[in-house]
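Peer 1: Chains as they are written, first to last, in my numbering: chain P, 1 to 303; chain C, 1001 to 1250; chain L, 2001 to 2243.
Any given hint could be a false lead.
[Stated by the list, open to error] One-sided and incomplete, this derived list gives chain L residues near chain P with beta-carbon spacing under 8 angstroms:
| no. | residue |
| --- | --- |
| 1 | P2077 |
| 2 | S2102 |
| 3 | S2105 |
| 4 | P2131 |
| 5 | Q2151 |
| 6 | A2181 |
| 7 | V2237 |
Bear in mind the hints are in silico, worked out from the structure with no lab data behind them.
From the three backbone atoms N, C-alpha and C, an ideal C-beta is built for every residue, glycine too.
Chain residues, written in single-letter form:
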Amino acid sequence: MHIPDGFLSPAILAATGAASAGGVYWMSRRAQGEIEESRAPLLGVMGAFVFAAQMINFPVGAGTTGHLLGGALLAFTLGPAPAVVTMTAILAVQALVFQDGGVLALGANVFNMAIAGVLGGYLLYRLLGGSRSRGIAVFTGASASVMVCAVLALAELRLSGVPMPPALLGVSMGLFAVNAVLEGAVTVGVIQALARLNPGFVKESAAPLRRPVLAAVALAAVFLASVGVWFASEAPDGLESLADKLGIGGRARAILAAPLPGYDAAWFGNAAVNKAVAGVLGAGLAFAAVLLLGRILFRKKAA
Amino acid sequence: MTDPVVQVAGLRYRYPDGTLALDGVDFRLEKGETVAVLGPNGSGKSTFVLHLNGLLQGEGTVSVCGMRIGHETLTPVRRKVGLVFQDPDEQLFMPSVLEDVAFGLLNSGLKPEEALPKARHFLRLVGMDHAGEKAPYHLSGGEKQRVAIAGVLAMQPEILVLDEPTTFLDPPGQRDLLALLRSLPQAMIVVTHNTLFAESLAARAVFFERGKIVGEGTPRELLDCFNWSLPGPSRGQPPPAAGSSGQSRL
Amino acid sequence: MHHVVLERWSRGTSIIHRRDPRAKIIALVAFLAAVATTPDSCAPFRLPAYAALPLAAILAARLPLGGVAARAAVVLPFCGVFVVFSLVAGETQRAAALLEKSYLSALAALAVAATTPVARFLAGLEALGAPRFLLWVIQFLHRYLFVTSEQAQHMRQAAASRGAGGGFRFRSWRLRAASSAIAVLFARSYRRAEATYRAMLSRGFQGRIQLLYELSPDWGDALLVVLGIAVSIGLRVAMVLPA
Ligand SMILES: Nc1ncnc2c1ncn2[C@@H]1O[C@H](COP(=O)(O)OP(=O)(O)OP(=O)(O)O)[C@@H](O)[C@H]1O
Ligand SMILES: [Mg+2]
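Could you build the full structure based on these sequences and the hints that come with them?
Peer 2: Given below as structure tokens:
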């Protein structure tokens, strides 16, 4: 899911870059402020840990293997802001040292994997944390973090004009879903083992959020902003009908039409500009949602 | 007799997971003296050493040069006590060897142009001046250990504490380290499983067991008393190599 | 290992290696921006002209051209997927554009990464205003990457030597074994982080790391910035000139 350079349009690059710069700046201030000073080495070493953990392959079936992404695991153990910073550091090293993901595209990759993925997963974890079983919260949060990354990345690529034939897209979504389930299962396994080793490792999720409704709305916004922008752009017919069948497409278009009147009409007279504007707004919307969500989480913590 | 440079009384420490690692330790170190710390794995030696510099703070008192370790005295105490860790990977965290040796110097307020020549000097002292630009992870275990020692020596502490400094060193490296340590004027505490090294370096030794000091004397006396040496070479087998930590009990 | 080669390359002393990291970063961004804004219609015949800039840098840095070119190919698998997508959708030109743009960008990024040691790169980013805390985390991450990966490797070997591994069939116990291996790796890393922090404290660390790299830009750096931007813009304009 590391998007290389050369794929994203300038508008998407600018939007995700700005969103990530702001988000990471804010999160790194947070991480620095809220936890003890010892955390720079801790976050760095845990980043190295995620790298190493990614080397441990899991059989997926049909001769393929998957591996942990680790963003959710970090969020459940270190907390959301440190996890965002650590994932950002990982992506930066992957781009600089391993040419895994582009340099300009780093903004997009950070936005997808370090910000939206981590915070989305963490939010679900916290939302479900009140329920009996921690396993469900962990599984859902970790799976969601992968799906959020994947959907955002595909949406950004699609908005940049990269063609996605429905059949092939279906196959990739299937693979992502398998990966998401795997991430969930492995994260549950690791969290359980960690809790046995030292219960202090795992951040307690039992405390329900103070404003779950608001948080749920924020989460829905992240999903719909990403999925919606994508579907609302000229998605391939097959996909659109699929979306309609699922009842997503219509809703997504409706939601998009509200803040963006005349989206389908030639507002700027040019389809490419339209797409770009939608991309910027979509990314901005998702980012605002994430910010809002973070704010809620952190206020809860400070209280 | 002058005041001791290190004085420890009734030190107890329990790790957060419940392990009682130190269970009433009394200890003193005189000016210019070298003491070897012996004892089986897990007896609390490393835990003890971490207290000498305020990195862990248990019950009881630890005083360094007359200062009782507490929140306000941490900075001066850390300047006086130089600690070389058991695992050199934990200590070498800067991107290059030279920067790592200079790390402490820069923290003590030196300018880079003052710190660099000094760092180079101490690298030369441990025979690593050729590797200044290298990244620590490209070094062998013994090389890492030498650099870690240089990084602490560079700060010119009054008291040197070394936790198993010979683990990764080859016999010539151990000999060089021995000569280097002997030439230093500082008071020293050396934790080691290397009996030959302890005997050649220290006139006095203490023996840890289950978080307590259970014996004190010359290294030879303790090694005999606790049956701490390997048997002599047996027929057809080469004598065991000195300096492999942790193997001496097996 | 992968990053060890890069590390070795980056310790060279060529005219490119000696440039201020900020100058290289600015030139790189200018180049990448030029490539990113080039219309797909310039593929497949015009786009390759961009290669002139990274190739010049690689040659001036006396890096092995073949080795660098091969490394830049790590983007190809990802590209391959979307090239297939584009071909299936009948957009041949876009397929070519994706391929060329991503490869050229990777080549340029590599030309900078292979001539700038990570510590200098970070010093440059700091001077350009990146958050210090994040750079610190990156520094530690890079430092312990090798140590931790080696640990993981050893655990894998130890598990294999006790008969784990084998076929590809999904088995829940194997998932569990791998999960606990990761948990152990986590706990060890956590402990190492604490120990490292202690080692820093014991050498007088008070919350601020001093970097040894004093950046002192000279005329060569200014020239690199000007050249990098001018050539990038020049190529970008030339791309859309009528033939
Ligand atoms: N961070 C920790 N958390 C919990 N227990 C610990 C921790 N560090 C050490 N211990 C425990 O404390 C006891 C003393 O450990 P210590 O490292 O001081 O032993 P040591 O004498 O240095 O051993 P060795 O010769 O193997 O280096 C051991 O039982 C060990 O398992
Ligand atoms: Mg020890």
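Peer 1: If a hint holds in the structure, say so; if it does not, say that too.
Peer 2: Going through the hints against the structure:
| no. | hint | verdict |
| --- | --- | --- |
| 1 | P2077 | violated (10 angstroms) |
| 2 | S2102 | holds (3 angstroms) |
| 3 | S2105 | holds (3 angstroms) |
| 4 | P2131 | holds (4 angstroms) |
| 5 | Q2151 | holds (7 angstroms) |
| 6 | A2181 | holds (6 angstroms) |
| 7 | V2237 | violated (16 angstroms) |
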